[in-house]
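Colleague: Numbering (numbering that gives the first Met the number 0), first residue to last: 0 to 496.
Derived from the structure by calculation, the hints contain no laboratory data. As the structure is a computational prediction, the values presented were derived from the model and not from experiment. We treat Cβ as the ideally placed atom computed from N, Cα and C, and that holds for glycine. Don't take every hint at face value.
What follows is a set of in silico ranges between Cβ atoms, one per label pair, in the way DEER data are often shown [claimed, not checked]:
{"no.": "1", "residue 1": "Arg398", "residue 2": "Ala15", "range": "39 to 45 angstroms"}
{"no.": "2", "residue 1": "Glu340", "residue 2": "Asp395", "range": "16 to 22 angstroms"}
{"no.": "3", "residue 1": "Pro478", "residue 2": "Ala175", "range": "20 to 26 angstroms"}
{"no.": "4", "residue 1": "Asp468", "residue 2": "Thr206", "range": "40 to 46 angstroms"}
{"no.": "5", "residue 1": "Pro478", "residue 2": "Ser119", "range": "38 to 44 angstroms"}
Quick list of in silico lysine to any residue cross-link-like pairs, SDA-like style, CA-CA up to 20 angstroms [stated by the list, open to error]:
{"no.": "6", "residue 1": "Lys145", "residue 2": "Ala57"}
{"no.": "7", "residue 1": "Lys255", "residue 2": "Ile404"}
{"no.": "8", "residue 1": "Lys103", "residue 2": "Ala36"}
{"no.": "9", "residue 1": "Lys255", "residue 2": "Asp349"}
{"no.": "10", "residue 1": "Lys145", "residue 2": "Asp90"}
{"no.": "11", "residue 1": "Lys444", "residue 2": "Arg306"}
{"no.": "12", "residue 1": "Lys255", "residue 2": "Arg397"}
{"no.": "13", "residue 1": "Lys255", "residue 2": "Asp347"}
{"no.": "14", "residue 1": "Lys386", "residue 2": "Gly342"}
{"no.": "15", "residue 1": "Lys255", "residue 2": "Phe311"}
{"no.": "16", "residue 1": "Lys386", "residue 2": "Leu363"}
{"no.": "17", "residue 1": "Lys77", "residue 2": "Ser4"}
{"no.": "18", "residue 1": "Lys444", "residue 2": "Met316"}
{"no.": "19", "residue 1": "Lys444", "residue 2": "Pro314"}
{"no.": "20", "residue 1": "Lys485", "residue 2": "Val496"}
{"no.": "21", "residue 1": "Lys166", "residue 2": "Asp176"}
{"no.": "22", "residue 1": "Lys77", "residue 2": "Gly60"}
{"no.": "23", "residue 1": "Lys145", "residue 2": "Asp96"}
{"no.": "24", "residue 1": "Lys386", "residue 2": "Ala348"}
{"no.": "25", "residue 1": "Lys33", "residue 2": "Tyr127"}
{"no.": "26", "residue 1": "Lys255", "residue 2": "Met316"}
{"no.": "27", "residue 1": "Lys255", "residue 2": "Gly322"}
{"no.": "28", "residue 1": "Lys444", "residue 2": "Arg213"}
{"no.": "29", "residue 1": "Lys485", "residue 2": "Pro179"}
{"no.": "30", "residue 1": "Lys166", "residue 2": "Pro478"}
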Amino acid sequence: MTAYSDLAAHFGRISALSNAVGILQWDSDVMMPKGAAETRAESMALLQVLRHGMVTDARIGDWLAKAESDGSLGAWEKANLREIRRVWTVDTALPADLVEASSKAVSACEMRWRQARAESDFAGLLPYLAEVLNLQRQIGRAKGEKLGLSPYDALLNDYEPGGSSAKIDALFDDLADFLPGFTQEVVAVQARRPAQEPLAGPFATETQRALGLRLMAALGYDFERGRLDISTHPFCGGADNDVRITTRYDEADFTKALMGVLHETGHALYEQGRPQGYLNQPVGAARSMSIHESQSLLMEMQACRSRQFLAFATPLMRESFGGAGPAWESEAMWRRYTRVEPGFIRVDADEVTYPAHIILRYRLEKALIADAMPLAELPAAWNDGMKSLLGVTVPDDRRGCLQDIHWPSGGWGYFPTYSLGAMTAAQIFDAATRAEPGILPGIGKGDFSPLVGWLRANIHGKGSLLPTDALLTEATGRPLDAAVFKAHLRRRYVEEV
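Build out the structure end to end from the sequences listed, making use of the hints.
Modeller: Right, here's the structure in full:
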């Protein structure tokens, strides 16, 4: 046995444990009875402590030192060592009791969030969320001291290795300057169109599910290694080779759940396309959350809101729901799916206004981690931000600061990756369609294999072989450039209408 093989075997066992945690977490969000919450929280906390103990094993430092001096290792093995050292450095910053306390606080807060959201009861969630925030501040400080980062950047690093709030501030300030005026321009363009006829429901949940499954198959989802279910908040989770997605249905409007399914399928395709030979190693993991979000938004926004896709999908919608008339024509469906209208709910937001939702959350979570704003003031600050950025008045906390599960689940530092992902998606899709002319015609026929094949070769199959900036530059010819995203928005919503 070599030091590298010892490390690989050890992290293979960590991966197996993480897979168990992933399935238990999926079950908590989808199927677990409420009465099991306390017991499940104890189980999850123990597993997280066990995982933390394995990642911080005293032998890892020696193994790394020896393996890093081994000149016989190839590119994948060297990259795996880089990723192992990154994970080990971060996790050794945290004491086991802090990991356990955070896991328990998150489990309790997630369960209370479900009730609080349904009842629009921020006051009822406040003590639970305050405990999660307190522990996230401690985690951020501990990691930041080890990494030489601010607490917020240390939390961001978990989702976006190498990212920084300084870079994000510049990108988001640019978008915040661009989007309000552009949104008004788009709304003015769309106001000159004839009014759209409504799609008359109801749309049975089972019919929506069947259509979603049909389109998941068209995109290339492997049902032998995953499934589709219902949850309060749509997500992609599960385990290696068991990639599960969820959505939520509204029988008055099938369009939201359908795009939710396509969005989560984009995540799942990334997970199902990761390199099998390194699936249980850090180098085989998805590169970063901005890349992950780029894959979901590439499918949902770039591909599946295109005229080509809707020319293929609209007849399937008509067939599924028995639709007839002008509202069920593909051009009308494209206009429906590219309708820009500021609203309250992030997951239902259109492509143009969506970044404003993220900019708000990013600015708020940065202030909360820095203790620059009392948590009790979150609803008021949220509502003020929505008015300022989107021009809407939030009617209640259910449609305001309680709508997302991320903060209750401990996902502080996650939100900016959504808009980083949107910009990355535009850049990757632009590069893919330039490199492979068959992609758009294929989408128009329901054949996603040219697109997925390009993504497998240039994104999915690379895992974490390259750092994020290097991966994007190799795939597209340049680092992240917001100009590509803005050009896409202008082309779709102003020039090609």
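Colleague: Hints numbered earlier in the text: which of these fail when held up against the supplied structure?
Modeller: Nothing - there is no hint that the structure violates, so all of them hold.
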